[in-house]
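Trainee: Residue strings, one per chain:
Number of protein chains: 2
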Amino acid sequence: MNIREYILKMGQAAKLASVSIRRADTNQKNAALTAIGEEILDQRQYLMVENEKDLDAGRANGLSDAMLDRLAFSDAGFDAMVEGLAQVVQLQDPVGEISDLAYRPNGLQVGKMRTPLGVIGIIYESRPNVTIDAASLCLKSGNATILRGGSEAIYSNRALSECITKALLGSDLHKSVIQLVQHTDRDAVGELVKLDKYVDVIVPRGGKGLIERIGREATIPVIKHLDGICHVFIDDDADIERAVKIAINAKTQRFAVCNAMETLLVAAPIASDILPGLATQYQDFGVELRGCDETRKILGASHRVEVATQEDWGTEYLGPVLSVKVVDGIDSAIEHINEYGSNHTDTIVTENYTKGRRFIQEVDSSSVIINASTRFADGFEYGLGAEIGISTDKLHARGPVGMEGLTSQKYVVFGDGQIRQ
Amino acid sequence: MNIREYILKMGQAAKLASVSIRRADTNQKNAALTAIGEEILDQRQYLMVENEKDLDAGRANGLSDAMLDRLAFSDAGFDAMVEGLAQVVQLQDPVGEISDLAYRPNGLQVGKMRTPLGVIGIIYESRPNVTIDAASLCLKSGNATILRGGSEAIYSNRALSECITKALLGSDLHKSVIQLVQHTDRDAVGELVKLDKYVDVIVPRGGKGLIERIGREATIPVIKHLDGICHVFIDDDADIERAVKIAINAKTQRFAVCNAMETLLVAAPIASDILPGLATQYQDFGVELRGCDETRKILGASHRVEVATQEDWGTEYLGPVLSVKVVDGIDSAIEHINEYGSNHTDTIVTENYTKGRRFIQEVDSSSVIINASTRFADGFEYGLGAEIGISTDKLHARGPVGMEGLTSQKYVVFGDGQIRQ
Numbered sequence: 020m021n022i023r024e025y026i027l028k029m030g031q032a033a034k035l036a037s038v039s040i041r042r043a044d045t046n047q048k049n050a051a052l053t054a055i056g057e058e059i060l061d062q063r064q065y066l067m068v069e070n071e072k073d074l075d076a077g078r079a080n081g082l083s084d085a086m087l088d089r090l091a092f093s094d095a096g097f098d099a100m101v102e103g104l105a106q107v108v109q110l111q112d113p114v115g116e117i118s119d120l121a122y123r124p125n126g127l128q129v130g131k132m133r134t135p136l137g138v139i140g141i142i143y144e145s146r147p148n149v150t151i152d153a154a155s156l157c158l159k160s161g162n163a164t165i166l167r168g169g170s171e172a173i174y175s176n177r178a179l180s181e182c183i184t185k186a187l188l189g190s191d192l193h194k195s196v197i198q199l200v201q202h203t204d205r206d207a208v209g210e211l212v213k214l215d216k217y218v219d220v221i222v223p224r225g226g227k228g229l230i231e232r233i234g235r236e237a238t239i240p241v242i243k244h245l246d247g248i249c250h251v252f253i254d255d256d257a258d259i260e261r262a263v264k265i266a267i268n269a270k271t272q273r274f275a276v277c278n279a280m281e282t283l284l285v286a287a288p289i290a291s292d293i294l295p296g297l298a299t300q301y302q303d304f305g306v307e308l309r310g311c312d313e314t315r316k317i318l319g320a321s322h323r324v325e326v327a328t329q330e331d332w333g334t335e336y337l338g339p340v341l342s343v344k345v346v347d348g349i350d351s352a353i354e355h356i357n358e359y360g361s362n363h364t365d366t367i368v369t370e371n372y373t374k375g376r377r378f379i380q381e382v383d384s385s386s387v388i389i390n391a392s393t394r395f396a397d398g399f400e401y402g403l404g405a406e407i408g409i410s411t412d413k414l415h416a417r418g419p420v421g422m423e424g425l426t427s428q429k430y431v432v433f434g435d436g437q438i439r440q
Numbered sequence: 020m021n022i023r024e025y026i027l028k029m030g031q032a033a034k035l036a037s038v039s040i041r042r043a044d045t046n047q048k049n050a051a052l053t054a055i056g057e058e059i060l061d062q063r064q065y066l067m068v069e070n071e072k073d074l075d076a077g078r079a080n081g082l083s084d085a086m087l088d089r090l091a092f093s094d095a096g097f098d099a100m101v102e103g104l105a106q107v108v109q110l111q112d113p114v115g116e117i118s119d120l121a122y123r124p125n126g127l128q129v130g131k132m133r134t135p136l137g138v139i140g141i142i143y144e145s146r147p148n149v150t151i152d153a154a155s156l157c158l159k160s161g162n163a164t165i166l167r168g169g170s171e172a173i174y175s176n177r178a179l180s181e182c183i184t185k186a187l188l189g190s191d192l193h194k195s196v197i198q199l200v201q202h203t204d205r206d207a208v209g210e211l212v213k214l215d216k217y218v219d220v221i222v223p224r225g226g227k228g229l230i231e232r233i234g235r236e237a238t239i240p241v242i243k244h245l246d247g248i249c250h251v252f253i254d255d256d257a258d259i260e261r262a263v264k265i266a267i268n269a270k271t272q273r274f275a276v277c278n279a280m281e282t283l284l285v286a287a288p289i290a291s292d293i294l295p296g297l298a299t300q301y302q303d304f305g306v307e308l309r310g311c312d313e314t315r316k317i318l319g320a321s322h323r324v325e326v327a328t329q330e331d332w333g334t335e336y337l338g339p340v341l342s343v344k345v346v347d348g349i350d351s352a353i354e355h356i357n358e359y360g361s362n363h364t365d366t367i368v369t370e371n372y373t374k375g376r377r378f379i380q381e382v383d384s385s386s387v388i389i390n391a392s393t394r395f396a397d398g399f400e401y402g403l404g405a406e407i408g409i410s411t412d413k414l415h416a417r418g419p420v421g422m423e424g425l426t427s428q429k430y431v432v433f434g435d436g437q438i439r440q
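If you're matching them up, the sequences are chains A and B in order. If you read the first sequence in this note's numbering, its first letter stands for residue 20, the second for the next number, and so on. If you read the second sequence in this note's numbering, its first letter stands for residue 20, the second for the next number, and so on.
Hints are computed from structural coordinates only; laboratory data are not their basis. Some clues are possibly wrong.
Identical copies carry no separate label here, and so any pair may be met within one copy or between two of them.
Derived DMTMM-like pairs (lysine to aspartate or glutamate); straight-line CA-CA distance at most 25 Å [claimed, not checked]:
#1 72 - 256
#2 72 - 231
#3 213 - 246
#4 185 - 71
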């Protein structure tokens with residue numbers, strides 16, 4: 020069987036399975052999730068052995084320490100994966116929820132019912148725990164899932180998939196509710212994203228290259244997560260203590276995450292007061308600064324600041340680098356963010372009512388924040404329970420995507436024999 | 020300037036205009052809509068003359084009477100267009116609405132704010148009043164719009180576009196908030212649907228050919244409206260009087276609409292009681308019947324019923340033809356609908372509680388109805404105020420799409436200096 024036929028068969032099986040899981044009640048879905056968790060715990064030793072094979076291969080292929088770190092099942096990571104399953108069991112089942120049910124003048128009652136999307140394709144890289152995180156959210160929201168992990172994690176993913184299949188076979192659900200692409204062939208991705216007859220949506224989780232490739236090739240809607248070029252704007256009416264705390268936290272609490280700040284904007288009237296202290300703290304955290312002319316004028320004598328080029332303003336560093344710009348005020352800040360940002364997450368620090376309101380309204384990003392760190396843009400922090408990713412798209416799901424983003428709403432109408440005149 | 024450059028320039032202008040209209044308040048948007056209505060009334064004579072040019076060309080090109088009818092500004096159609104504008108003024112502005120604003124344990128307040136999508140491309144055929152209907156909904160929901168009407172309505176559309184531009188020039192909004200593609204070149208569509216840098220979503224309104232072409236070529240998300248293969252299932256627990264009224268209304272109240280019934284499913288236990296009377300009524304309405312074997316057995320002696328082929332079950336007739344199938348009961352009915360339907364609108368007629376609940380849950384269509392005509396699946400009837408179309412997609416907007424479907428939701432977060440631990 021070639022790759023095209025192999026993926027096609029998976030799609031057909033997933034479509035069939037999606038019909039059965041759409042009808043499954045919450046207890047049946049929770050029982051399956053619990054069984055998967057138990058199976059994973061039972062197979063801990065086996066999973067660790069398989070994971071070690073990936074790590075060996077990764078070392079042989081010269082993967083970076085950071086990559087190997089993401090690939091490895093640590094004890095803590097393993098526990099978190101199982102704990103994650105238990106948390107999804109606790110989440111409220113969104114399927115079947117009816118909202119906005121209201122009477123029309125003719126007596127019809129019209130509302131919206133939340134329904135599964137159908138079949139979801141998840142394409143991800145490296146971290147094998149995504150296999151469990153993504154599959155559990157898709158299952159709880161009533162969808163069938165096709166998982167396509169990275170080739171560097173194939174042993175770990177196959178072993179996890181064995182656990183899942185075994186648990187599903189003992190459950191009320193169809194075993195094809197969760198399937199893993201067992202081939203590492205790169206063509207499998209190309210085939211999967213064109214399976215529009217069977218797959219309803221593709222969720223890619225990975226680097227920019229992967230996501231751009233999928234955007235280009237897919238004939239299925241994609242919930243995309245592109246760059247996180249996040250800003251903090253310190254307004255001249257900011258509470259300076261808060262501003263410093265937020266600006267430091269947004270950059271340094273963790274570097275390689277999409278909701279970390281990449282560009283700091285400071286209002287001109289307070290720039291020379293606030294920047295030197297901030298710069299010293301950043302340098303203590305090992306953060307390289309790249310500044311506009313004004314920033315370099317202020318900091319030049321006391322700190323090392325490289326020139327920020329045009330390219331810097333549009334770069335997601337994902338590391339200990341920060342670009343800094345002094346702006347006239349809120350107008351220039353909003354303009355800069357909407358031009359160079361990636362519509363991900365942006366914060367204003369201000370005590371001024373009107374400027375706060377304007378920032379919230381006019382910044383066109385998936386999360387817009389007043390007086391808190393950009394690092395809060397996250398499904399767990401927002402109370403979604405878990406997230407499958409953060410969407411930088413505007414259609415369907417925007418910002419952190421929880422189970423609601425894996426569902427749709429259909430109209431339900433209750434009548435008493437009404438006909439249209 | 021070639022077509023590519025022409026469309027590119029429109030996209031850039033729309034993107035700029037979208038920034039200004041995103042900030043516009045409701046009064047400014049309503050004033051512009053009102054001015055457009057006044058301008059259209061002022062130019063009634065001119066619009067009628069230009070419309071006549073399209074009709075002349077249409078007659079010369081051998082357009083069908085039905086097509087010419089859709090193309091013509093009747094007095095009633097003209098009034099309805101102006102009245103539609105006034106209704107959109109009355110609709111509540113969705114932009115800026117904040118919902119689900121709730122405190123998190125750390126004191127952050129997280130909610131969702133409704134925002135415009137940005138730039139919307141509308142591609143439509145024939146009826147020139149869509150120019151005004153679509154543009155007004157997009158404007159009210161804070162979006163910039165690029166309109167691409169059919170070449171057969173180009174004189175009417177250009178004249179309407181002149182009215183719009185004149186009104187916008189006298190308003191607080193940017194004149195490029197609504198633009199019409201003035202070229203009739205078919206390539207304009209191909210260029211528009213690939214303008215992903217400037218256009219956020221494409222809404223096609225037209226025949227299957229147009230929509231399939233756009234689905235194939237677009238690199239921008241599309242809110243698609245494909246076929247309406249709608250069903251009425253008369254359960255054996257139906258109130259027969261209601262069932263007959265609904266089955267007649269769903270087929271005959273209007274033929275060429277997407278929410279008209281195309282296939283009637285009747286539960287076997289009541290088929291021989293109900294079908295003969297129904298068939299007589301259908302034939303009085305001039306409806307051609309195509310039936311399954313069982314239907315033909317029941318009706319064969321008394322009525323003319325053609326054989327329904329496999330193809331019939333998947334056909335949107337949009338005319339006075341109805342396929343009829345006798346099914347065992349609700350299981351077969353749901354299976355038939357999910358297999359042959361187009362996920363548009365389906366009705367069950369029943370007095371049975373459990374079967375009603377099952378139908379609502381298990382039929383995977385954008386509107387699922389108990390005891391009312393499929394003809395109610397419509398933005399006005401559902402209370403959305405107006406609709407830009409009916410989506411048969413699952414992502415973003417499903418079913419009748421009103422202004423809410425032309426907006427997105429971003430997260431807004433109100434903090435007091437919170438940083439992430």
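Trainee: Each hint needs a verdict: does it hold in this structure or not?
Mentor: Outcome of the hint check:
1. In this homomeric assembly, residue 72 and residue 256 never come within 25 Å of each other (Cα to Cα): the closest approach is 56 Å inside a single copy and 61 Å across copies.
2. For a Cα distance limit of 25 Å, the shortest separation of residue 72 from residue 231 qualifies neither inside one copy, at 30 Å, nor across copies, at 46 Å.
3. In this homomeric assembly, residue 213 and residue 246 come within 25 Å of each other (Cα to Cα) both inside a single copy, at 24 Å, and across copies, at 21 Å.
4. For the identical chains of this complex, residue 185 and residue 71 are intra-copy neighbours only, at 22 Å inside a copy versus 70 Å across copies, given an alpha-carbon limit of 25 Å.
Checked against the numbered hints given earlier, the structure breaks hints 1, 2 and satisfies all the rest.
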